[in-house]
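Chains as they are written, first to last, in this note's numbering: chain A, 8 to 254; chain B, 160 to 401.
Honestly, the hints are just simulated from the structure, not real lab data. All figures in this text were calculated on a predicted structure; none of them were measured in a lab. Where a beta carbon is used, it is the ideal one built from N, C-alpha and C, also for glycine. Treat the hints with caution; some may be incorrect.
Part of the chain A face toward chain B, derived, beta carbon under 8 Å [what the hints assert, rightly or not]: (1) S20; (2) T58; (3) V106.
Now for the letters of each chain:
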Amino acid sequence: MAETITLEVARYSPERDAAPTFQTYQVPLRKDWVVLDALNYIKDKVDGSLTYRWSCRMGICGSCGMMVNGEPKLTCATFLINYAPGPVRVEPLRYFPVVRDLVIEMTDFMVKLKNVKPWIIRREEKTLSEGEYLQTPQQLDTYKQFSMCINCMLCYAACPVYGLDPLFTGPAAIALAQRYNLDSRDQGAKERMEILSQHQGIWGCTFVGECTEVCPKHVDPAGAIQQYKLNAAKEWFKSLLMPWGSK
Amino acid sequence: MRPVVHYMMGGVSTDIHGATPLGGLYAAGEVACVSINGANRLGSNSLPELLVFGARAGRAAAIYASEQPAPSSAALAQAMDEQRRLEEQFLRKPGGKERIATIREEMQKAVEKSAGIYRSGNSLAEGAQKLRELQERYQNIALDDRSYTFNTELTAALELGFMLDVAESIVQCALHRTESRGAHQRTDFPKRDDAKFLTHSLMYRNADGTSRVEYSPVKITRWPPGERVYGQPAQAAQAKGG
Numbered sequence: 008m009a010e011t012i013t014l015e016v017a018r019y020s021p022e023r024d025a026a027p028t029f030q031t032y033q034v035p036l037r038k039d040w041v042v043l044d045a046l047n048y049i050k051d052k053v054d055g056s057l058t059y060r061w062s063c064r065m066g067i068c069g070s071c072g073m074m075v076n077g078e079p080k081l082t083c084a085t086f087l088i089n090y091a092p093g094p095v096r097v098e099p100l101r102y103f104p105v106v107r108d109l110v111i112e113m114t115d116f117m118v119k120l121k122n123v124k125p126w127i128i129r130r131e132e133k134t135l136s137e138g139e140y141l142q143t144p145q146q147l148d149t150y151k152q153f154s155m156c157i158n159c160m161l162c163y164a165a166c167p168v169y170g171l172d173p174l175f176t177g178p179a180a181i182a183l184a185q186r187y188n189l190d191s192r193d194q195g196a197k198e199r200m201e202i203l204s205q206h207q208g209i210w211g212c213t214f215v216g217e218c219t220e221v222c223p224k225h226v227d228p229a230g231a232i233q234q235y236k237l238n239a240a241k242e243w244f245k246s247l248l249m250p251w252g253s254k
Numbered sequence: 160m161r162p163v164v165h166y167m168m169g170g171v172s173t174d175i176h177g178a179t180p181l182g183g184l185y186a187a188g189e190v191a192c193v194s195i196n197g198a199n200r201l202g203s204n205s206l207p208e209l210l211v212f213g214a215r216a217g218r219a220a221a222i223y224a225s226e227q228p229a230p231s232s233a234a235l236a237q238a239m240d241e242q243r244r245l246e247e248q249f250l251r252k253p254g255g256k257e258r259i260a261t262i263r264e265e266m267q268k269a270v271e272k273s274a275g276i277y278r279s280g281n282s283l284a285e286g287a288q289k290l291r292e293l294q295e296r297y298q299n300i301a302l303d304d305r306s307y308t309f310n311t312e313l314t315a316a317l318e319l320g321f322m323l324d325v326a327e328s329i330v331q332c333a334l335h336r337t338e339s340r341g342a343h344q345r346t347d348f349p350k351r352d353d354a355k356f357l358t359h360s361l362m363y364r365n366a367d368g369t370s371r372v373e374y375s376p377v378k379i380t381r382w383p384p385g386e387r388v389y390g391q392p393a394q395a396a397q398a399k400g401g
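Chain B extracted, bound-state conformation:
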């Protein structure tokens, strides 16, 4: 038996209509972060979440799409450029010697080891270092499949690139968050620190390829953050009327 990752509280930042800051991009379900779960999702909340916000995002996306003019020639040219880039970087790329599956497996092991159930500054710094190495090696991957028909190796390569970005976000946000809260447990910072970290972490890619973490405040409506305690401490809290 071993623990596995079952759910991600983070994701693509959306409003309550599933809209992301990028016009026309909508997200719902586990890929999205509507921020209704706080730092630890309660059991059974993810299915209702995707039913409610999936319907909302679908409706909002349909309305948005129906209100847009036809894409400009500049946008179409941009799409063509992107297609050409993908062909050059993957399908027609000469050389390359890294296998997708090898990098993917090393990434999985690195993230589990550095940002698994318990994290520390040391483990996260090591993970960040390993991910930088994998990002570099990812540039050197080789595809066996050069076909334009149902090319699942191409989708696997694209997914791996996205996963490396997500892994970097997880590790960097955890590294910068020097406290423990919900599912984020730092052995070197075991206490919650509302003064500094009652915030959402937002991850950005800089123009030079590096990344940065920014913060936006958490809006508390009904439920202020509190400690979840069990056994004797829980009884004591109840006796105090807490």
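If we strip away everything but chain A, and leave its shape as in the complex, we get:
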């Protein structure tokens, strides 16, 4: 095994640069090191100005997503050794504006996420004395997969439709809408449908399926979008056939 590997890291500072450039670093190649370890090595020992987001180092916080050799990856879960002999090219997540180096501007995603109301909506809350909202294991299973989303945005960087149409609601937000729609305690599906059945909501998706491929938590956003399209179409036919129906 070679002792080092070369990292080509995208650098960009709005105060200094007109466009991003690549900077090359040599880092130790250890078989237990992930790409994030290499970036931390650079920041700690070589160049403290290298800028990137990270927090938990264990695939839970969702903040260390970057492009590694052109693919969206959680850098805390992507081993360097898989790219030997290198070089390994590290860039900010695709389709997002870059703030600096590997840090992207995520406001667009945060707004879209909030728009789909990813929380439990009740027409009326139970009082404390009425007790908990109980759920069977089967009811949990219907949405559990979608609840694994960690908002890492890899699916946006993988989605060519989002790349072409920035207004598209996008995979994670739709999957999270579905996570609450399928929750037996939730009563907000209709509100969410009104938001999502607009053109850029779900219909933009051409079922490329890359979102599901890159998801580090094995959520299936592509599946969620298809389910949603089906429901939206059913609702549309219903409204056509029974315009007097309230639901």
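Based on these hints, arrange chain B on the given structure of chain A.
Here is chain B on its own, set in the frame of chain A:
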């Protein structure tokens, strides 16, 4: 395999609304110390703690903020001074040769060695000495990053300063607490000493830069402190009806 620090029982002292003694500063979760955990938190108690006291602190902070007048010009001038100090001490500071990561790593090793699972007067005194050295060297750090855009090296430098303060608090409180209780285990003082130490340790910074530990009594409501025993001693205690 090696042990790691999983939780801190201590933290920023708050009341049950998340309010600290400093007006307008609220804390909740693991950074805070509402003092509901005693000397050893039971498993699973930290998540409910942050749900309950996070909601309470958020509400109390919102009420406090909505009742405050606009900041005075004196307060705004103070904020400007602080910003200038940070720029001078970090972003525009000439010279300096210590790396943040080096001091941080030496601090981690020193605290683990001196105040890890088992502590003693000797290990803690050594740790205190090392931390004084690191505090001094921290004044001599150099930043590679002088940018005003998303400067993560500046936040790392500020965090390191705070961590050195916290490390000093941990080591000094453990040094002064000559007993063993909960997660604080002194090999040179293995017994609990309620007469002297049924207290909270409170850490203060003196005007001259040194620190001091003060104590406030623990208010016992339902559960008096007791020994946690396992195996034969536990059976014996049960037989006695304890």
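task: Classify the hint on V106 (chain A) as holds or violated, based on whether any CB of chain B lies nearer than 8 Å to its CB.
output: Holds: closest Cβ of chain B sits about 5 Å from V106 (chain A), inside 8 Å.
- request: Hold the hint about S20 (chain A) up to the distance rule: shortest CB distance to chain B must be less than 8 Å.
  value: holds (6 Å)
query: Does the nearest C-beta of chain B fall within a distance shorter than 8 Å of the C-beta of T58 (chain A)?
result: It holds, given that the least Cβ distance between T58 (chain A) and chain B is near 5 Å, below 8 Å.
In summary, this structure violates none of the numbered hints.
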